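Chemist: So you can see what is in the structure, the chains are spelled out below.
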Amino acid sequence: MGRCIGTRSIQFEHPVAIRSWATVAGRKEASGKLKRQFDFILEDNIFGEKSWERAEQKMQQYAIELAMEKASLYGHQLDYFLGGDLLNQIIATSYTARNIGAPYFGLYGACSSLVEGMILASCLLDGGFGRRAAVCTSSHHDAAERQLRYPTEMGVQRTLSAQWTVTGSGAYILDQEAGNWYITGAVPGRVIDRGIKNSSDMGSAMAASAVDTISAWLEDMHDLDTLDYIITGDLGKIGYEICRQQLTERGFDIAGKYYDCGMQLYHAEDQDVHAGGSGCGCSAVVLGAKYLPLMAEKQHSRLLLVGTGALLSPLTVQQGQTIPGIAHAVLIEYHQEGSGC
Amino acid sequence: MEQNFEQRIQERQARLQNVSDTNTEDIEHILTELQEEHQHLVMMTANSIDGAEEGYYQQLIKQNENQRTMAETAIDKRYQALVKQVMPKAPLAKNISRAFLTGGLICTFGQLIINTVMLQYSVDFKMAAPIASITIVIITALLTGIGIYDEIGRFGGAGSMVPISGFANSVVSAALEFKREGMIYGIGAKIFQIAGPVILYGTLASVIIGLIDYVAG
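So the protein sequences, as listed, match chains A and B. Just so we're aligned: 261 in the working numbering is position 261 of the first sequence, and the numbers increase by one with no gaps anywhere. Just so we're aligned: 1151 in the working numbering is position 151 of the second sequence, and the numbers increase by one with no gaps anywhere.
For the record, the hints were derived by calculation from the structure and aren't laboratory data. Watch out, some of these pointers could steer you wrong.
The following label-pair restraints were derived from C-beta to C-beta distances [stated by the list, open to error]:
no., chain 1, residue 1, chain 2, residue 2, range
1, B, Asn1018, A, Gln271, 30 to 38 angstroms
2, B, Gly1210, A, Gln245, 55 to 63 angstroms
3, A, Asp253, B, Ala1205, 54 to 62 angstroms
Mimicking PhoX-like on lysine-lysine, the simulated pairs with C-alpha atoms at most 25 angstroms apart in a straight line are [claimed, not checked]:
no., chain 1, residue 1, chain 2, residue 2
4, A, Lys197, B, Lys1179
5, B, Lys1190, B, Lys1179
6, B, Lys1089, A, Lys50
7, B, Lys1094, B, Lys1077
8, A, Lys70, A, Lys35
9, B, Lys1077, A, Lys33
10, B, Lys1094, B, Lys1084
11, A, Lys197, B, Lys1077
12, A, Lys70, A, Lys50
13, A, Lys28, A, Lys197
14, B, Lys1062, B, Lys1077
15, A, Lys298, A, Lys35
16, A, Lys257, A, Lys70
17, A, Lys35, A, Lys197
18, B, Lys1089, A, Lys197
19, A, Lys70, A, Lys298
20, A, Lys290, A, Lys257
21, B, Lys1190, A, Lys50
Note that the structure is a prediction, hence the values are computed from the model and not measured. In this text, a Cβ means the ideal position worked out from N, Cα and C, and glycines have one as well.
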């Protein structure tokens, strides 16, 4: 069983290992900064399917199957499947779960769903309620665009604060057995609303909750010196800057440690993505394609992954409501083979 | 007890007016207090024995909620100032000149059609103007279908949206997007998703102008 530390942080007693993972990404993502570091790259966004929604389901299916294959596991050997996406009624995940066969919890934390899933899966496994779980999230640019904004072919000019929904999916297999990457701690996020109304500036709406969650962890654990990375999910350029300034203002020296997944995926200038990437798939592919491998370059490394979500809907925007944000965090630790946990 | 609520709300009002927006700790303390009080008040409302009592508590709830908004605004103001400071400025000159160029080109093209048609087929302006509109709509529909118009829109902004081509683009792009949901619930129901307001208020405006013309003219 885990322990509660300070006001909100959790430390797991039997940390679960991230046994394997897989990332699936679109063309545009694969021609960005991370190039071809994904396990599977889509030929085009429709992925041989009849609709964007079906293409997203297929991406998730591929991500989970690739991750399971890497761990030599099959769906019936999973005790849980947790996941979410951005589509109404989280259909991409639920329809994928139909083909996986494992007991399933569908989550909605907007773009924080990956970390939300990781926290809950870690709690389930640490509590002894199972041995392995898959956590998978996805987003699809065109499916999200038509649900939340405009038809794909409509000629609109996007504002500079707007972000680009990532076409991608990442699946992570968590296991009680030994591994190199462990989820050792977590901070469940609070919903914070700072009165931002502009739905093309979600970074600002989410940054306040990221600041809240990161400060909660640092105040509870006092471990900033030993942290190698603090990674937020998809704040984008503007949200990143706000988060950085506010954390520095609170006395945390995060220089050289703090990055945002949304800014690590695309070439900001050439790819016309404005403030950066966003969506459930953003942190899911960047973590697997960039940061987990990067952690293995040192003997020990510690990464605080902060999944950020904007909990709005087109309806609340039209009704003039403000945008609440949430940020969940997990601590991922890497230990090289034989160096112990 | 009743006196107690009213008194506390009044005392807090004074505190709220004096709170400085830099001291977030103070405000957060007040917010917690408000949250707890709100909960008590909801219970008092639920337990009220008559309409008068219920109305009294509901009024207190209103006051409590107003104070919450006041306290939150103090925190939000500071945050939003930071957002404003970080927000990149839109390149106004660049955007306006691109819009002018794009919109101007589309309109010049329309004028070219009108002039050509009037000269070649010796028809009057009333006949030539719709021909120009129809031609632009057809061309835009084609460009939307092959995925070029959204690039023009990205470049030209309002310059490509305001002329009739923008209208055609919004209709065709919606039709393309929703064809997978079928002819009825997809295309049929969603084709005017974006153009709908233009059609409705355009019609309404023309009726009003027609009436004015009828009465005054």
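Chemist: Run every hint past the structure and note whether it holds.
Modeler: Consistency of the hints with the structure:
no.: 1; hint: B/Asn1018 / A/Gln271: 30 to 38 angstroms; verdict: 50 angstroms, violated
no.: 2; hint: B/Gly1210 / A/Gln245: 55 to 63 angstroms; verdict: 56 angstroms, holds
no.: 3; hint: A/Asp253 / B/Ala1205: 54 to 62 angstroms; verdict: 59 angstroms, holds
no.: 4; hint: A/Lys197 / B/Lys1179; verdict: 32 angstroms, violated
no.: 5; hint: B/Lys1190 / B/Lys1179; verdict: 9 angstroms, holds
no.: 6; hint: B/Lys1089 / A/Lys50; verdict: 40 angstroms, violated
no.: 7; hint: B/Lys1094 / B/Lys1077; verdict: 31 angstroms, violated
no.: 8; hint: A/Lys70 / A/Lys35; verdict: 21 angstroms, holds
no.: 9; hint: B/Lys1077 / A/Lys33; verdict: 36 angstroms, violated
no.: 10; hint: B/Lys1094 / B/Lys1084; verdict: 21 angstroms, holds
no.: 11; hint: A/Lys197 / B/Lys1077; verdict: 13 angstroms, holds
no.: 12; hint: A/Lys70 / A/Lys50; verdict: 29 angstroms, violated
no.: 13; hint: A/Lys28 / A/Lys197; verdict: 29 angstroms, violated
no.: 14; hint: B/Lys1062 / B/Lys1077; verdict: 22 angstroms, holds
no.: 15; hint: A/Lys298 / A/Lys35; verdict: 23 angstroms, holds
no.: 16; hint: A/Lys257 / A/Lys70; verdict: 30 angstroms, violated
no.: 17; hint: A/Lys35 / A/Lys197; verdict: 35 angstroms, violated
no.: 18; hint: B/Lys1089 / A/Lys197; verdict: 18 angstroms, holds
no.: 19; hint: A/Lys70 / A/Lys298; verdict: 23 angstroms, holds
no.: 20; hint: A/Lys290 / A/Lys257; verdict: 15 angstroms, holds
no.: 21; hint: B/Lys1190 / A/Lys50; verdict: 19 angstroms, holds
Checked against the numbered hints above, the structure violates hints 1, 4, 6, 7, 9, 12, 13, 16, 17; every other hint is satisfied.
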